[in-house]
Every structure is written in C-alpha cells, then in structure tokens.
Amino acid sequence: MTAPAPATTRERAMSRLRGPRLRLGEQAFHVLLLASLAIAVLFLATLLVYVVYQGWPRLDARLWTDFPSIRRPERAGAQSAIFGTLWVISLTALFCLPVGVAAAIYLEEYADPKRWYNRLIEINIQNLAAVPSIVYGILGLGVIARGLGFGPTVITAALTLSLLVLPVVIISAREAIRAVPNSVRLGSLALGATHWQTISRQVLPAAIPGIATGSILALSRAIGEAAPLLLLGAATYVAFNPEGLASAYTVLPIQIYNWISQSRAEFTTLASAAIVVLLVILLAMNSVAILLRNRFQKRW
Amino acid sequence: MTTNSVSNTAPGTVRRSLGRTRPRYGERVIQVVLLAAALVSVATTVGIVVSLVPPTVEFFSQVSWREFFGGTDWAPLFNPPGYGVWPLVTATLLITGIAILVAVPLGLASAIYLSEYATPRTRTTFKPILEILAGIPTVVYGFFALKFVTPQLQHLLPVNVDVFNALAAGIVMGIMIIPTVASLSEDAMAAVPQALRHGAYALGSTKRTVSLRVVVPAALSGIVAAIVLGLSRAVGETMIVAIAAGNQPNLTFNPLQAMQTMTGFIASAGSGDLPTASLHYKTIFAVGALLFVMTFAMNFLSIRLVRRFREVYE
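The listed protein sequences correspond, in order, to chains H and D. Under the working numbering, think of the first position of the first sequence as 1, with each following residue one higher. Under the working numbering, think of the first position of the second sequence as 1, with each following residue one higher.
Honestly, the hints are just simulated from the structure, not real lab data. Keep in mind it's a predicted model, so treat the numbers as computed, not measured. The beta carbon of each residue, even a glycine, is placed where N, CA and C say it ideally should be. Among the hints, a few may not be true.
Restricting the straight-line Cα-Cα distance to at most 16 Å, the calculated cross-link-like pairs of lysine to aspartate or glutamate (EDC-like) are [said to hold, decoys possible]:
(1) D:K127 <-> D:D187
(2) D:K147 <-> H:E266
(3) D:K207 <-> H:E26
Chain H regions said to be covered by chain D (calculated; three or more residues, Cβ under 8 Å) [what the hints assert, rightly or not]:
(4) 36-42
(5) 121-127
(6) 225-232
Start from the sequences and build out the full structure, keeping to the hints where you can.
Take a look at the structure:
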C-alpha cells in the first residue's frame with residue numbers, strides 16, 4: 001500500500017518510517033484483536049439464534065397459560081415458574097433495595113474511610129460480590145431455611161437472593177451517589193439544611209437514575225440465578241402459583257434446569273422456549289436500565 | 001464531613017456560638033440506621049462462616065482429614081462410602097483451566113482493542129454486547145454447552161466425546177468470564193497515564209508495541225487481578241458444570257469425559273431433601289467450606305492487586 005512516487009523528501013522519509021512490512025504486522029495484530037472480540041459476539045449471536053430456533057415450535061401462549069406436566073410435555077407450560085419468578089423477584093427487590101441504598105448512603109456520606117471498621121465493611125462487600133452463588137445457597141439452607149425454620153418457601157428464596165445481590169446494589173448505588181458533585185451538598189448545607197436533609201432532598205434525588213440503573217441490573221442477575229435455589233427446595237415439580245410468603249415455588253431458571261434434565265426431545269424444545277422467555281425478560285430489563293442511564297444521566 | 005459537632009454552650013453564657021444549640025437526635029438515629037444497613041453485609045459474611053463451620057467440624061469428627069484431603073475415591077452415598085475430595089478438586093481445576101485458556105486470550109485481546117484501538121463509537125457498541133454476555137443466566141450457558149457445543153465437538157473431534165464432558169463446560173464457561181476479564185483489564189489499561197503512551201510513540205513505537213510493551217506491562221497487576229477474579233468465578237460456577245459436565249466423580253485429566261466438580265456435587269447433593277443429621281448432609285458443608293476458602297483466597301488476592309495498581313498512578 002505504498003503511495004505512488006513520493007514527491008517530497010518528507011513524504012519519502014515518512015513512508016520509510018512506516019515500512020510496509022511493519023504495517024503488515026500492525027494490521028495482523030489489529031485483525032487479531034478484532035477477531036477475539038468477534039468470537040465473543042458471534043458466540044452470543046449463535047446462542048440467541050439457537051435457542052430461538054429450538055424453542056420456536058413451543059413459543060406460544062401455552063407457555064404461560066399452562067402448568068408444567070411431566071407426562072404430557074405437549075401441554076406443559078411454565079406458568080407456575082413465571083409467577084414464582086415474579087413473586088421471588090418482587091420480594092427480593094423489597095428486601096435488598098432499601099438495605100442496599102441505605103448501606104451505600106452510609107458508606108458514601110457518613111463513613112470515615114480511615115476508620116478500620118469502615119474499611120472492613122468495604123473490603124467485605126467487595127469480597128461478597130465475588131462469593132460463588134452456591135455458597136449463598138448453603139447460607140440460605142443452613143441459616144434461613146433450617147436455622148430460622150422458614151423451609152423451602154418463597155421467602156427463603158427471596159431473602160437468600162437479596163443477600164446475594166446486595167453487594168451489587170451497594171456498589172452501584174455508591175457509584176451513583178459519588179457522581180453527585182460536592183457543590184450540591186455544600187450549597188445545601190450552606191443554606192442551613194442538616195446533613196440528612198441534604199442527603200434526602202438533594203443528593204438522593206440526583207442519584208436516583210444511577211441507583212435505579214444499578215438496581216435493575218442487580219435484579220436481572222437475581223432472576224437468572226438457579227444455583228442457590230437448587231439447595232433451597234425450588235427444584236421440585238410445582239403445578240400451582242405461589243399464594244403467599246410461605247408457599248412452595250419454582251422459578252424459570254429452575255424450571256429450565258428440570259426440563260434440560262429430561263431426556264425427551266419435547267422437553268428440550270420446552271426448555272428452549274422458556275429460555276427465550278427468560279432472555280426476553282432480561283433483555284427488556286437491561287434495555288430499561290440503559291435507557292434510564294442515557295435519558296437521566298446528568299452532566300454536572 | 002463531620003456530623004455531630006454539638007457546640008459546648010454552657011447554660012448561662014452570654015456569647016452563644018453560631019453552631020446548633022441542641023443536638024439533633026433524629027440525625028443521629030438516621031446515621032445508626034444507615035450503619036445497621038451497612039452491617040448487613042458483615043452479617044452475611046458471618047452468616048456464611050456460621051453456616052459452614054459447625055457442620056464442617058462435625059463432618060471432620062466422623063471423617064478423617066487424611067481421607068478427605070488425601071483420598072482419591074469420592075462416593076459419599078456408596079457403601080462403603082469414600083470421602084476423598086480429590087476427584088472433585090481435579091475436575092474443578094481442569095474445567096477452570098480450560099475456561100481460563102479461553103477467557104484470558106479473548107478477554108485480554110478484547111480489552112486491548114477496546115482500550116487502545118477502538119474509536120469511542122465502536123467502544124459504545126461493543127461494551128454493552130460484552131455486558132449482555134455477562135448477564136446471560138448460567139443455566140442458559142449450561143443448556144447451550146450440552147445441546148449445542150457438545151454435539152459440535154463430537155462432530156469435529158476424531159475421538160470419542162462423552163455426552164457430558166469437561167471440555168464443552170470449560171469452553172462455554174470461558175466465554176462466560178470474558179466480560180469479567182475484559183472489563184477489569186480495560187479499567188487497568190485506562191488507568192495507565194497517557195504520558196507513558198506519548199513517550200513510547202515519541203520513541204517511534206507503533207501502536208502494537210505501545211499496547212503490548214507499555215500499556216499491558218504497566219497495567220499488569222490489574223490484569224492479573226482480572227484473571228484471578230475470572231479464576232474464582234470459574235471455580236465457583238455451578239449451573240454450567242451441573243448441566244454439561246456430568247455428575248460422576250471421576251479422577252481423570254481427560255477433558256472429554258464426564259466429571260463432577262465441587263459445585264456440581266453441592267448442587268446435586270443439596271437438591272434432595274436430606275435429613276439434617278446425616279453425614280451426607282454435612283458433606284455438602286465440608287465441600288462448601290473448601291470452595292469458600294478457595295474462592296475467598298482468590299478474591300482477596302484480586303482485591304489486593306486492584307488496590308495496588310490503583311495506587312501506583314494516582
């Protein structure tokens with residue numbers, strides 16, 4: 001790709017500096033990097049196309065009007081799993097959002113980072129964010145289901161998932177609160193507002209879009225979790241919707257897991273169809289989060 | 001920001017300070033409530049330790065340490081039972097190894113591309129796509145590994161590939177942790193000061209040289225932290241291995257065979273309704289404790305490394 005007959009000395013020197021051999025290596029490297037990224041994107045595309053293709057015959061209303069059935073897969077649906085997911089996720093949000101946001105406010109607005117206990121809380125949260133989810137299942141099994149005697153119920157699942165996503169909520173809420181400039185706080189304090197008035201009326205309203213974005217992403221993680229719920233008694237076959245906190249339940253990921261373990265081909269189709277439903281829910285939540293971030297993100 | 005600087009105005013003094021005259025108890029109460037919320041996370045860690053330790057201690061009063069850590073036979077349900085944890089550990093390490101072989105090159109290359117090569121516009125398109133990859137439920141990855149990747153491997157490889165195998169689980173798990181590796185590495189690379197790049201360019205370096213010889217070494221501790229965190233994710237991942245790797249403890253290094261990981265064992269043993277007093281029930285906690293200790297050590301190392309690279313350039 002050398003330019004035809006360089007006119008000036010300068011251009012000649014330039015072309016010698018970026019010799020063709022050198023540029024070939026550069027381009028190969030560039031292509032290599034792009035290819036790596038492309039593999040990840042292609043994998044994602046293949047996965048999406050595959051589940052839609054596999055689940056297509058069963059992507060109809062039966063999926064949410066009918067209950068699971070082992071004997072007649074052609075009439076099986078996932079209604080109890082969809083309702084179970086709704087129950088568990090609403091309760092999870094109810095438990096973990098207030099606690100998570102309150103903890104974030106404490107760490108950003110009150111905690112003195114030099115104090116050892118505040119640093120301990122901080123490191124602890126970072127570490128909890130990376131604890132395997134099945135360990136939370138063990139926690140839920142040992143402490144909530146058996147220790148507190150809640151058993152394999154909706155409330156056990158919701159409490160366990162709350163603890164699981166709490167670090168994510170705290171970390172993202174902290175980032176949102178930190179993004180509110182200090183001048184807002186100082187201005188409010190200068191007008192005579194108390195510390196809490198400043199936080200509740202100035203800082204929090206400004207941080208809400210960021211907090212909402214992080215919370216939605218955290219909850220969408222909770223929706224997809226299956227591992228801890230395996231230990232918490234969601235694996236059993238459930239043919240009714242939850243009626244209260246102490247109800248037995250199943251959720252979409254567990255229902256999918258059950259169907260995958262069945263050998264008959266109809267169940268593979270059903271599993272794919274349910275995966276499409278699950279992914280649609282998650283993608284919808286993610287796009288709401290991205291929309292919120294783009295629409296309400298303030299440039300201070 | 002100080003909160004409670006109640007001024008010492010003794011009653012009767014003529015000059016009153018401009019500070020508040022009476023303490024605001026409400027403010028204090030709010031602070032305590034907020035602190036309590038922050039302490040929930042500490043309570044979670046305590047809860048994890050409390051739920052793991054007593055059953056584990058009871059387990060080891062019935063099974064010797066030597067058998068657990070030295071034995072090569074894992075068959076807690078058989079008669080006579082075997083409690084050698086090695087088959088679970090080697091399966092975990094093998095699958096983690098495969099996942100890292102996939103995730104590190106691809107994740108690192110993606111990070112270099114996004115941080116050094118991509119225009120702002122390509123970056124804003126590709127980053128959300130990588131985030132989607134991280135947001136896909138692991139049960140879906142497991143399904144894909146079992147129903148799509150394994151048949152492809154059986155088709156492509158000239159040797160016999162089991163229906164449940166470590167290779168498919170490891171490859172898919174590797175793809176799953178690409179975003180973890182890529183995003184943390186990219187953070188570390190973005191933290192490398194621009195002056196280092198300019199200096200290298202001034203010496204006549206090409207973009208590739210700058211990326212590989214300047215930016216990557218400078219961000220190395222952050223990159224290592226990303227890899228360690230990816231490792232910990234892979235060790236703790238459950239659903240992919242439970243679905244695609246099989247549920248037979250198998251002491252082998254052949255990735256084409258079925259095997260059971262530590263998390264896979266916990267999931268399969270814990271999904272039944274076991275009587276609390278049984279040794280089998282306690283086995284879950286013993287393996288869980290080992291898993292927790294392993295991932296805790298890795299997370300801690302990763303946090304330390306991240307902290308170190310942050311401090312270098314600030």
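Now the hints, each set against the structure:
1. D:K127 <-> D:D187: With Cα atoms ~12 Å apart, K127 (chain D) and D187 (chain D) stay inside 16 Å; holds.
2. D:K147 <-> H:E266: Roughly 13 Å between the alpha carbons, so the hint for K147 (chain D) and E266 (chain H) holds.
3. D:K207 <-> H:E26: Since the Cα atoms of K207 (chain D) and E26 (chain H) sit roughly 7 Å apart, the hinted pair holds (cutoff 16 Å).
4. 36-42: It holds: at least three residues are needed, and the stretch 36-42 of chain H offers 5 whose Cβ sits within less than 8 Å of chain D.
5. 121-127: Holds, because 6 residues of the stretch 121-127 of chain H bring their Cβ atoms closer than 8 Å to Cβ atoms of chain D.
6. 225-232: It holds, with 5 qualifying residues against the three required.
The structure shown violates none of the earlier numbered hints.
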